[in-house]
Amino acid sequence: MDPAGEADPFVVAGTRLTSRLLVGTGKFAAHSVMREAVLASGTNLVTVALRRVDLDRLGDGDILDFVPAGVRLLPNTSGAVDAAEAVRLARLGRAGTGTDWVKLEVTPDPRTLAPDPVETLRAAELLVADGFTVLPYCSADPVLCRRLEEAGCATVMPLGAWIGSNRGLRTRDAIESIVAQAGVPVVVDAGLGVPSDAAEAMEVGADAVLVNTAIAVARDPVAMARAFALATEAGRLGFLAGRGAVAGATAAEASSPLTDFLGGLTGPGRLAAASRGGDA
Amino acid sequence: MAAPKGRFARSLDTLDLADLSARAYTDADVDRALAAEHRDLADLGALLSPAGAARLEDIARAARETTLRRFGRAVRLYAPLYVSNACLSSCTYCGFAKDLPIARRTLTVDEVEREAALLTDRGFRHLLLVAGEHRVEVSQDYLVEVVERLRPRVPSLSIETQTWSDDTYQRLVRAGLEGVVHYQETYDRDRYAQTHVAGWKRDYDRRLNSTELAGEAGVRRLGIGALLGLAADWRADVLAVAAHAAFLVKTYWRTEVTVSLPRIKPSASGYQPLVPVSDAEYVQALSALRLFEPEAGIVLSTREPAALRDGLVRIAVTTMSAGSSTEPGGYSAPGEATEQFSISDERSPAEVAAMLEAAGYEPVWKDAFPLVG
Chain A
40 MDPAGEADPF VVAGTRLTSR LLVGTGKFAA HSVMREAVLA SGTNLVTVAL RRVDLDRLGD
100 GDILDFVPAG VRLLPNTSGA VDAAEAVRLA RLGRAGTGTD WVKLEVTPDP RTLAPDPVET
160 LRAAELLVAD GFTVLPYCSA DPVLCRRLEE AGCATVMPLG AWIGSNRGLR TRDAIESIVA
220 QAGVPVVVDA GLGVPSDAAE AMEVGADAVL VNTAIAVARD PVAMARAFAL ATEAGRLGFL
280 AGRGAVAGAT AAEASSPLTD FLGGLTGPGR LAAASRGGDA
Chain B
143 MAAPKGRFAR SLDTLDLADL SARAYTDADV DRALAAEHRD LADLGALLSP AGAARLEDIA
203 RAARETTLRR FGRAVRLYAP LYVSNACLSS CTYCGFAKDL PIARRTLTVD EVEREAALLT
263 DRGFRHLLLV AGEHRVEVSQ DYLVEVVERL RPRVPSLSIE TQTWSDDTYQ RLVRAGLEGV
323 VHYQETYDRD RYAQTHVAGW KRDYDRRLNS TELAGEAGVR RLGIGALLGL AADWRADVLA
383 VAAHAAFLVK TYWRTEVTVS LPRIKPSASG YQPLVPVSDA EYVQALSALR LFEPEAGIVL
443 STREPAALRD GLVRIAVTTM SAGSSTEPGG YSAPGEATEQ FSISDERSPA EVAAMLEAAG
503 YEPVWKDAFP LVG
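The listed protein sequences derive, respectively, from chains A and B.
Position 209 of the first sequence, counted from 1, bears residue number 248 in our numbering, the numbering being contiguous throughout.
Position 205 of the second sequence, counted from 1, bears residue number 347 in our numbering, the numbering being contiguous throughout.
Just so you know, the hints here were simulated from the structure itself, not pulled from any lab data.
Keep in mind that the hints are not guaranteed to be accurate.
[Unchecked claim] What the simulated footprint calls covered on chain B by chain A, stretch by stretch (three residues with Cβ under 8 Å from a Cβ of chain A suffice, anywhere in the stretch; the number is not a length):
1) 206-217
2) 234-248
3) 503-509
[Said to hold, decoys possible] Cβ-Cβ distance ranges computed for the label pairs, FRET-style:
4) Val182/A / Pro192/B: 52 to 58 Å
5) Glu488/B / Ser216/A: 39 to 45 Å
6) Ala259/B / Gln220/A: 44 to 50 Å
7) Arg211/A / Pro192/B: 30 to 36 Å
8) Ala259/B / Arg211/A: 51 to 57 Å
9) Gly135/A / Pro476/B: 32 to 38 Å
10) Ala501/B / Arg211/A: 33 to 39 Å
11) Asp309/B / Arg96/A: 35 to 41 Å
12) Leu78/A / Asp155/B: 53 to 59 Å
13) Leu276/A / Ser490/B: 38 to 44 Å
Each residue gets a CB set at the ideal place from its N, CA and C atoms; glycine is no exception.
Chain B extracted, bound-state conformation (with noise of 0.2 Å):
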């Protein structure tokens, strides 16, 4: 049975998003947009609008002053950790789909410790734990205990996993968690339901509902976000990824949101951008992201190339991934499983650091402290 509407699925299904996307906005929208002290949705439509492509520096100068003021020149650090890649749903453009011929792997509590341990000899304090939709091999037991073994060593750990029910999230509070990632890939329910054929991930509303149950358990930060190429629409899903936001930031005012736009990368599914988001789009929509939400942190993984992170640290991003590897122990033994993704910068951490330091930034490796203990 399909789980019900959450209170932001039932918000959205009031918002045109088609029409907000794809309205004729003029250069005096722009600029109205621009010069707005708060920005709505229809100021959000007009920076991401062909309109606003043409005002691209405009948008970018505005959106790097935006985000100078609220974050300062930092930019945090993260690493993705993997900890397994099996898998019992079936998303056509993901490289750990269940039916996918890869080498699974999910590592022990003892060889999540150790891939943690290399990871904060390079610097990491603040770690991604990453894994498939497999609630057997990776249960909440098995997710409170790698919090609690971790937690003595790395001050900030966040998950990007299946979702979960509302105790779950609030045994993973109490064990030290403090952040859940879980992109909605795109809030276009009938997109959704071509590219999600099978599994737990299936349902749309229990998964946008997620993070509204991660939200009430407490979770300190909320990670959401589209993955832009699903839909033909990108528009729509950076407006939905934006309402979802403001929706969440005014929910649970004590929690700290941060978005992410991942662009489809090259993965063992051989999946295919819909329609593919140029480089000139991508920092049009976190820029205007930026504009929308002054507060909100934006992350960049390294699925995007060198040159165009480096570029997009001066304009909007606040955090971002280094060294990253996508395969479940990869960072110890790799190449034993297979990744998600390929990734594109592959700058060592100690690489990434030393562009921010070039460019003006400092890399902060540490901004929290243990929630527990």
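This is chain A alone, in the form it adopts within the complex (with noise of 0.2 Å):
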């Protein structure tokens, strides 16, 4: 085993992350489960959403004095409608966090919270270009990937299903599109809701997961966090490991070779033959 991932590293924006399992910190019970389920889930980056986020209360309860020391913080815009907002809140975060990553979320309709990829994108640009280190939560849309990668982001983060929705990975294709043409890392976002969806994202190729709701939410937070971690793992292992093919549904009826005949057709006569059909 290699749990830390010394043959097989995991390096975003030139920082290796000892696990490819994020994890994101809202809808826990409380901040004290929240950390205890960090440290089960053995990741070392989590994202905390920045209208969460209390300066006043530093180091009085807020939800940042409950991030685990040496996991390292990864702020969020949720809440921002539009490009101007996710910048101006990037900002702020900066300045009150110290850290220049972010996560990168425009999610106008508070219903699915999907990402509106036009302000992702403008935003993406203006963050780069402020010397940001953006980590983008997107559509699972190829060509958007392809344009944030462009915009100089440090991954890509397709959503597998809405946030919070616990679906599974519903953009398979898609992420299997976005994978095989990715420069950068990419992180399955949202929707995960049992640890074989994250094992199934791992197996098709992502880089890695990030898990909020189905862990918070989760009967016991801590020990959901703890199977998200190995279910990371193992399908990162067994994508890795390379699979074996498919057996499709007609495979017992194609194990006596389609092509035999070819060897019987050993000259032009014998296909005359044939053509003249049995009375030879």
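Mind assembling these two chains? They're in different frames, but the hints should get you there.
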């Protein structure tokens, strides 16, 4: 085993991360539960909504006080409805937290929290120009992912399903295309509901997954965090191991070679005889 | 002259709420409503019906699952900040009604700021500015000034005041206002006319349409609701609130919609509810509303008693007030003006937060960022 990924490093913007599971910090019953779940997950990158951070309360029970030491902070712009808001929020976050990493979220529809592709790309361009390391939450769209990569984003983070839906890897086909083309790490974000969803995302070649709701609202968030860690690692190992071909439904029928007849075709005479029918 | 009907008012005309409310729903209808992935108004009617009442535990369980998935184990806290009880409208159920001989007060902007400071000291970062309907004492200029003054220290500001014109909503949004709350009180036009006897609020369509004006002005959060106990058919009002929420969600897709179903409380008005809504029916109504509109925030004030609030947090409610005063200036100098109604849950904000923690929920004091500045 290679839990720290020595032989298979996961690198984002030149920084080596020791886990391919990223964890979100919302929706937990208590900050202390979040902290325990983060520790159990083995992650070293957690995302925190800047809208939830209260800098007046740092050191006095703010959510940031519960992020374990040694775990890197990834502030996010959740709640921003357009590029201008996301950029303003990211700058407030950088000033307040001291990191220039930002998980870009532009989600104008409060129901689906679906990312706005137009505003996300615009914000990504502005933030990259301003020196941020940008990890954008985005639609599972291969062209958009290329555009975000071209804009200088450090990763792309296409969704598996709507945020908080726990519906699993609904975008599997698109994720496969995105993985095939990407020059930056692909992190499947949002919608993964059970550990096997994370394993599936990793098996199709995602570099990492980000999980929040599925852990936070589990009956035992700490145990679920550990389960996601194992599934993420298992999925990665499975991907690296290289799967065998999948047996199709017609496998049994096709077991006697379809092209055997070619060996019998030895000359034009035979063909000519055959063409005359059985009366030779 | 009465205001013209707005878009939702016209859409409401096409619904037969009395039928949806009083249809003879069966247990099978309730089953179907519980199993549906997307629920329509007939499903909601079934969940609200006497057949639904017999399945209250099932409905509450389904509502809890839906709430947990969408909102997690977190409850947002806010405080109402009453800036004035001056009022030029006469509503038969309200303690601020124009002709009631009560102690009136409108806070100066400095006084509002002092009240806000007390509330932020108690932890609040979401404030709801509440006023009676007095366009001279609580003018649009006054509200804009209050929003601008509080904005630096309060990330989320909403108003629950009289209704305004579109340009006033636009000014307030530019000043940094996040939310607008206008309860229709009852969607039954006849009952509305009987209970809103004079003043600006008497115009049913102007009131109903104002939420659309606020939505068009780009307000981030729209709050709607009905005052249960006002009309005889509470189910019809819950159905109307649900239809209204669905309309707003579809029309103003960038806007978060919150719903609330306050029950009538004792006040200086002496009003008694036409038909009281029982606690069980109240839980049924909020659970059904959650299942109809899974993404809507559901707001519960201190009007309701502690035990009921503690129970509803586990089922449907996502936003609560705590330690509220309903009189202007009541946080710094209680007793100088008359309150709008008497609250039931008298616990302090810290006590409500402790209750949430004990119940396995995180009290969320801040879930917003300054929209301007």
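To see whether the hints hold, each was checked on the structure:
| no. | hint | verdict |
| --- | --- | --- |
| 1 | 206-217 | holds (count 7) |
| 2 | 234-248 | violated (count 0) |
| 3 | 503-509 | holds (count 6) |
| 4 | Val182/A / Pro192/B: 52 to 58 Å | holds (54 Å) |
| 5 | Glu488/B / Ser216/A: 39 to 45 Å | violated (59 Å) |
| 6 | Ala259/B / Gln220/A: 44 to 50 Å | violated (54 Å) |
| 7 | Arg211/A / Pro192/B: 30 to 36 Å | violated (45 Å) |
| 8 | Ala259/B / Arg211/A: 51 to 57 Å | holds (53 Å) |
| 9 | Gly135/A / Pro476/B: 32 to 38 Å | holds (36 Å) |
| 10 | Ala501/B / Arg211/A: 33 to 39 Å | holds (38 Å) |
| 11 | Asp309/B / Arg96/A: 35 to 41 Å | holds (37 Å) |
| 12 | Leu78/A / Asp155/B: 53 to 59 Å | holds (57 Å) |
| 13 | Leu276/A / Ser490/B: 38 to 44 Å | violated (53 Å) |
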